[in-house]
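K.L.:
Sequence:
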Amino acid sequence: MKLLKNAAAAGTCLAALAFAAPAGAQTVNAFTTQNVIQALTNLGIAGATTSTVNGPQGPSEIVRFEANGLKHVAALEVCNTGAAGCLGLNIITLWNDVPGVDLNTVNEFNISFSFGKAVGAGSNLAVSRYAISDGGVSTKNVQANLSNHAAMAVNFMEFYRNGASASSVSLDSVSAKPAVADVAALPGLAGIAPFLSPNDFNESPRATAVPASTHAAPR
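Residues in the sequence shown are numbered from 566 upward in steps of one, following the working numbering.
Worth flagging that the hints you see were computed from the coordinates, not collected in a lab.
Just to be clear, a hint being listed does not mean it is correct.
[Claimed, not checked] Derived lysine to aspartate or glutamate pairs resembling EDC-like cross-links, with alpha carbons at most 16 Å apart:
1) K636 / D662
2) K636 / D765
3) K636 / E768
[What the hints assert, rightly or not] Per label pair, the in silico range of CB-to-CB distance:
4) N619 / N727: 30 to 40 Å
5) T606 / A649: 32 to 42 Å
6) D765 / E673: 17 to 27 Å
7) G665 / T606: 30 to 40 Å
8) N594 / G687: 33 to 43 Å
9) T615 / N594: 16 to 26 Å
10) G701 / T606: 36 to 46 Å
11) Q603 / N767: 12 to 22 Å
12) A649 / S616: 37 to 47 Å
13) G700 / D765: 33 to 43 Å
14) N594 / E768: 33 to 43 Å
15) G665 / D699: 19 to 29 Å
16) I676 / T606: 28 to 38 Å
Values in this document were obtained by computation on a predicted structure and should not be read as measured data.
A virtual CB, placed ideally from N, CA and C, is assigned to each residue, including glycine.
Put together the whole structure using the sequences plus the hints.
P.N.:
Structure (structure tokens):
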């Protein structure tokens with residue numbers, strides 16, 4: 566829990582903020598699948614894939630990658646027609662087959678850690694982190710947003726399991742798992758949810774990538 570508090574304190578109010586990059590730094594003025602994959606490569610995360618999906622605002626490009634034993638999606642958003650790249654990057658991790666979503670624990674996590682947001686509905690949980698490139702950001706800022714999200718996704722699982730364990734829901738009960746996961750019901754993610762890569766909540770994450778040393782994304 567001490568680790569979680571330290572990570573949250575460092576990342577407070579920085580999850581969705583991106584300021585102009587300092588002079589001399591390599592600058593990202595808009596997100597593209599190419600510079601997102603390059604950021605992942607710089608973090609030592611290989612095997613990312615891209616695809617174009619028909620989202621609520623029309624065609625959208627997404628990058629799927631795995632880090633810390635979990636599947637994640639980075640969706641490019643706020644894309645101007647005819648312009649190269651997009652101004653928003655929505656990084657999302659989804660879990661299905663959750664045996665009873667405890668919204669009190671989800672809300673407690675959101676109150677405790679201002680890294681982005683966690684949501685829950687039906688048999689699903691998700692965490693998301695939104696980065697913006699308005700005015701230009703450094704490449705290290707992009708890397709930190711991706712790495713910090715991957716680290717906080719694991720922290721959320723631990724926080725949720727510890728918080729929900731006091732309830733009547735058994736996270737270890739296979740029989741308690743619902744037969745169908747309604748991924749379209751998550752608040753704020755209804756448009757993109759069908760394109761996410763869900764994780765089985767009952768599987769423990771495995772450390773497959775080293776997260777950033779701080780949750781404060783550099784400018």
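K.L.:
Taking the hints in turn, state whether each one holds.
P.N.:
Cross-check of the supplied hints:
1. K636 / D662: Holds, because 15 Å separates the two Cα atoms, which is no more than 16 Å.
2. K636 / D765: holds (10 Å)
3. K636 / E768: This hinted pair holds, its Cα atoms lying about 12 Å apart.
4. N619 / N727: 30 to 40 Å: Cβ of N619 to Cβ of N727: about 39 Å, so the range 30 to 40 Å holds.
5. T606 / A649: 32 to 42 Å: violated (20 Å)
6. D765 / E673: 17 to 27 Å: With a Cβ separation near 23 Å, D765 and E673 satisfy 17 to 27 Å, so the hint holds.
7. G665 / T606: 30 to 40 Å: With a Cβ separation near 39 Å, G665 and T606 satisfy 30 to 40 Å, so the hint holds.
8. N594 / G687: 33 to 43 Å: holds (38 Å)
9. T615 / N594: 16 to 26 Å: Holds: the Cβ-Cβ distance is about 20 Å, inside 16 to 26 Å.
10. G701 / T606: 36 to 46 Å: violated (21 Å)
11. Q603 / N767: 12 to 22 Å: violated (34 Å)
12. A649 / S616: 37 to 47 Å: Between A649 and S616, where Cβ atoms are some 19 Å apart, the hint is violated.
13. G700 / D765: 33 to 43 Å: Distance hint for G700, D765 holds at roughly 39 Å.
14. N594 / E768: 33 to 43 Å: holds (38 Å)
15. G665 / D699: 19 to 29 Å: violated (40 Å)
16. I676 / T606: 28 to 38 Å: For I676 and T606 the Cβ distance comes to about 35 Å; the hint holds.
Of the numbered hints given earlier, the model fails hints 5, 10, 11, 12 and 15; all others are met.
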